[in-house]
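Chains as they are written, first to last, in our numbering: chain A, 1 to 110; chain B, 1 to 119.
Hints in this document: simulated from the structure, not taken from any laboratory.
As the structure is a computational prediction, the values presented were derived from the model and not from experiment.
Among these hints, one or two may not hold up.
[Unchecked claim] Quick list of in silico lysine-lysine cross-link-like pairs, DSS-like style, CA-CA up to 30 Å:
| id | chain 1 | residue 1 | chain 2 | residue 2 |
| --- | --- | --- | --- | --- |
| 1 | A | K97 | A | K57 |
| 2 | A | K68 | A | K57 |
| 3 | A | K68 | A | K5 |
| 4 | B | K13 | A | K68 |
| 5 | B | K13 | A | K57 |
| 6 | B | K13 | A | K5 |
| 7 | A | K71 | B | K13 |
| 8 | B | K13 | A | K15 |
| 9 | A | K5 | A | K42 |
| 10 | A | K58 | A | K42 |
| 11 | A | K71 | B | K57 |
| 12 | A | K42 | B | K13 |
| 13 | A | K5 | A | K15 |
| 14 | A | K5 | A | K57 |
| 15 | A | K58 | A | K97 |
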Amino acid sequence: QQQVKQSPQSLIVQKGGISIINCAYENTAFDYFPWYQQFPGKGPALLIAIRPDVSEKKEGRFTISFNKSAKQFSLHIMDSQPGDSATYFCAARWTSKLTFGTGTRLQVTL
Amino acid sequence: KAGVTQTPRYLIKTRGQQVTLSCSPISGHRSVSWYQQTPGQGLQFLFEYFSETQRNKGNFPGRFSGRQFSNSRSEMNVSTLELGDSALYLCASSSFRGQSEFSGANVLTFGAGSRLTVL
């Protein structure tokens, strides 16, 4: 199966809080798991990515946790800021093709 | 370093017409992919070109086609437009050369997209 399931569909977090977005996949052939951030009127932009042989990767306030046995991975945004309000997509790569999750609309309130 | 450039940004067509969208990848990137983004289906892979050859193809009807030129620029064409073809069409480029190669730099960089409205 090529599907990537993403949840939640939308998320409201207060400023300073932690935003958590979850994804699950089926195809064990996927070899790279990026997260993209998309603002209205813009194309998706790479945020952070992880390989399946790594359990966690952190870049600033953004952390990916990866559970290979469960075929799940998640994005944690620490100290969420209003500027983080955007739509987030998880994805999984096989050959040159990315399969995307359905997206999570994050709103960070003051 | 210039990003991925897509033209036109917005266009309106009527059913039955055809449309051609253009994409200029990041300099040095030889792989160009196309994705369709709609509220209902999300981001869906159309096709990928590398060195003027289609290397990968998604599950879209034959009305959707593409090509890549020797300078890596790419075009996609949709013929006999249907209302359901209304979408944001995204082009992305990368330096990805093959499955055995792994690097963060090989991940796709997207353009801002071409928003197609079919009336």
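- request: Identify every previously stated hint that the structure contradicts and give their numbers, smallest first.
  value: Violated: hints 4, 5, 6, 7 and 8.
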